[in-house]
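J.: First residue of the sequence shown: 108, per our numbering; consecutive thereafter.
Hints listed in this document are in silico derivations from the structure and should not be mistaken for laboratory results.
Positions of the beta carbon are idealized from the N, C-alpha and C atoms, including for glycine.
Any given hint could be a false lead.
[Claimed, not checked] When the alpha-carbon atoms are kept at most 25 Å apart in a straight line, the in silico DSS-like pairs for lysine-lysine are as follows:
{"id": "1", "residue 1": "Lys-215", "residue 2": "Lys-389"}
{"id": "2", "residue 1": "Lys-302", "residue 2": "Lys-222"}
{"id": "3", "residue 1": "Lys-279", "residue 2": "Lys-299"}
{"id": "4", "residue 1": "Lys-253", "residue 2": "Lys-215"}
[What the hints assert, rightly or not] Have a look at the derived ranges for each label pair, beta carbon to beta carbon:
{"id": "5", "residue 1": "Thr-393", "residue 2": "Lys-198", "range": "50 to 58 Å"}
{"id": "6", "residue 1": "Lys-347", "residue 2": "Lys-198", "range": "29 to 37 Å"}
{"id": "7", "residue 1": "Lys-409", "residue 2": "Phe-194", "range": "38 to 46 Å"}
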Amino acid sequence: FQILIKKDAIMNKIKLIFCVVSTLLFFNGCATQLTNNAEKFAQAGIEFSDSIPLVIDESFKKSIQIDSQALLETRSFLVSKTIKEKFFLLKKQNNALMKRAELFKDIKKHAKVLKAYFIALEYLASSDAPTSVEKATTSLLLEISKINEDMKNKLTNKAFDGAATLKEIIPKAGEYIVSGIKTKALELELKKNGKFIERELALFEGIMKLLEQTAIKENNTIQTQLMKNNINMPFIDNNKTISENWISSRTQIFLNATEISPFTIAKKSAQLLRLNFIAIIKGQLTSGNIENLSITVNELAKAFTLKETDENEVQEDE
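All chains, full assembly: derive it from the sequences and hints.
T.: Have a look at this one:
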């Protein structure tokens with residue numbers, strides 16, 4: 108009987124040890140998965156940063172087109188104005204676009220430095236990085252801070268007419284505790300700079316929202332003009348001849364109304380990037396989160412690259 112009791116006690120100890128080892132292996136596996144996901148997150152961040160110049164150029168191109176169209180339409184009403192008055196109007200519009208150009212240049216610089224940070228973050232996630240990488244992240248964040256102030260000042264000064272203020276669209280800050288990070292270097296980095304980077308990603312999310320608002324407004328203006336000049340006026344004016352492209356033009360205008368704006372994808376990418384970064388800090392980043400982020404960022408890169416390719420082909424045909 109005593110032998111049986113001892114045997115049961117030994118079996119219970121074995122079970123306990125097995126449970127402890129299994130638990131440790133489970134948490135070690137989770138920590139490894141979090142590290143792998145953090146590495147993939149950094150890669151998505153690099154791809155997002157690479158797409159920013161394309162997003163900015165497309166937005167600015169649209170703004171210039173809308174502004175130029177408005178100037179040409181206004182010109183016919185300026186017959187009674189002096190050359191000086193006409194030049195003043197043109198100069199005013201040029202200055203407004205130049206202000207936006209300066210802001211966009213800062214955003215591109217910011218994206219370039221942010222990309223360098225994501226490269227460092229990828230290294231921190233994949234290994235216990237040397238002190239030189241940690242020093243590099245500190246240097247990059249100082250550079251981001253300098254660009255940041257310029258950007259915020261320009262955004263505060265209404266570089267986007269009629270859009271919401273930056274304060275209204277940047278997500279509010281929260282308190283996040285770093286946990287579940289296996290790589291010591293990454294853990295230290297997130298504890299030291301996680302809050303700062305989250306605010307930078309929030310700033311980018313706000314900027315992408317502004318670009319989306321502006322793009323929707325400008326696209327509506329373009330589509331309204333096309334409908335008026337190419338569809339409505341030729342149809343109702345008996346003195347005008349309806350073009351042989353009238354049906355295809357009308358079809359295209361309505362098809363354009365169903366398309367998801369690339370700027371909406373840019374906003375979603377920025378939003379997912381910030382939320383996934385918070386998940387890394389909290390030790391809650393999953394493979395599903397990362398997959399969703401990677402797909403969206405990839406869509407963003409494709410959307411603007413294809414747009415640029417299509418426009419280049421049109422120019423070559425002309």
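J.: Run every hint past the structure and note whether it holds.
T.: Status of the hints after comparison with the structure:
1. Lys-215 x Lys-389: This hinted pair is violated, its Cα atoms lying about 29 Å apart.
2. Lys-302 x Lys-222: holds (17 Å)
3. Lys-279 x Lys-299: The hint holds at about 20 Å.
4. Lys-253 x Lys-215: Holds: Lys-253 and Lys-215 sit about 14 Å apart, inside 25 Å.
5. Thr-393 x Lys-198: 50 to 58 Å: holds (54 Å)
6. Lys-347 x Lys-198: 29 to 37 Å: holds (35 Å)
7. Lys-409 x Phe-194: 38 to 46 Å: For Lys-409 and Phe-194 the Cβ distance comes to about 43 Å; the hint holds.
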